[in-house]
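Chemist: Residue numbers (our numbering), protein chains in the order written: chain A, 1 to 115; chain B, 1 to 112.
Rather than coming from a laboratory, the hints here were simulated on the basis of the structure.
Treat the hints with care, since some could be wrong.
As the list claims (entries may be wrong) - Using 27 Å as the maximum straight-line C-alpha spacing, the simulated DSS-like pairs for lysine-lysine come out as follows:
(1) B:Lys99 with A:Lys71
(2) A:Lys9 with B:Lys99
(3) A:Lys57 with B:Lys99
(4) B:Lys104 with A:Lys9
(5) A:Lys57 with B:Lys104
(6) A:Lys71 with A:Lys9
(7) A:Lys71 with A:Lys57
Stated by the list, open to error - Derived Cβ-Cβ restraints for the label pairs, each shown as a range:
(8) A:Thr7 with B:Thr27: 46 to 52 Å
(9) B:Ser68 with A:Thr86: 21 to 27 Å
(10) A:Ser80 with B:Lys26: 32 to 38 Å
Computed from a prediction, not measured in an experiment: that's the story for all the values here.
Backbone N, C-alpha and C fix where the C-beta goes; we use that ideal spot for every residue, glycine too.
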Amino acid sequence: NAGVTQTPKFQVLKTGQSMTLQCAQDMNHNSMYWYRQDPGMGLRLIYYSASEGTTDKGEVPNGYNVSRLNKREFSLRLESAAPSQTSVYFCASSVIPGQALYEQYFGPGTRLTVT
Amino acid sequence: SQQGEEDPQALSIQEGENATMNCSYKTSINNLQWYRQNSGRGLVHLILIRSNEREKHSGRLRVTLDTSKKSSSLLITASRAADTASYFCATDVPGSNYKLTFGKGTLLTVNP
Numbered sequence: 001n002a003g004v005t006q007t008p009k010f011q012v013l014k015t016g017q018s019m020t021l022q023c024a025q026d027m028n029h030n031s032m033y034w035y036r037q038d039p040g041m042g043l044r045l046i047y048y049s050a051s052e053g054t055t056d057k058g059e060v061p062n063g064y065n066v067s068r069l070n071k072r073e074f075s076l077r078l079e080s081a082a083p084s085q086t087s088v089y090f091c092a093s094s095v096i097p098g099q100a101l102y103e104q105y106f107g108p109g110t111r112l113t114v115t
Numbered sequence: 001s002q003q004g005e006e007d008p009q010a011l012s013i014q015e016g017e018n019a020t021m022n023c024s025y026k027t028s029i030n031n032l033q034w035y036r037q038n039s040g041r042g043l044v045h046l047i048l049i050r051s052n053e054r055e056k057h058s059g060r061l062r063v064t065l066d067t068s069k070k071s072s073s074l075l076i077t078a079s080r081a082a083d084t085a086s087y088f089c090a091t092d093v094p095g096s097n098y099k100l101t102f103g104k105g106t107l108l109t110v111n112p
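Looking at chain A on its own, in the form it has when it is part of the complex (with noise of 0.2 Å):
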């Protein structure tokens, strides 16, 4: 099992042009989530998909949009990239939800400069 993958790893953006990032678990989870990690503030939730065919906003929606395209993967679309979206994004994914454990199991990151 590959477990989360994501693309690309890094990516240089200037302001104002769009791009995706791709997400793939071959865990047979139905969780996905989008986390951004910025210096000194942790984790912090972009989007999240409890099951296949839905989505919500997490603590920091503006500025991006998600794609659950089934259950295998989760994008997520910067429409006009702005400095301030200069991160490390990570994706992750987790067992159906109550079940005894759900860990999330994170993919290795993409990297984004926006200039």
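Using the hints provided, position chain B relative to the given structure of chain A.
Modeler: Leaving out everything else, chain B in the frame of chain A:
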């Protein structure tokens, strides 16, 4: 808003020593989880403790939970250089639909 806060922000110890990190949170929880993040990598789950548990062990890790004080501690015994990483607590709050709220982390450096 930050639910969990780790303390200290940074900790430097010698190999073989024990490392203790603390996490305080603000509201009642379903469970509390600890994660480790090596530099430049994703987070890795270490241990989960439920709100009705007081202590849990996993290898060299010992986690305690005091719901009356809204705090948890992570003890790493006989630390190794490979334990050098950032450690985060994350809380699952009732009604949050299983979302986790992460603290800002403790950076642990274990010197050989």
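Chemist: Against the earlier hints, flag every one the structure doesn't satisfy and list their numbers going up.
Modeler: Going through the list in order, the structure violates hints 8, 9 and respects the others.
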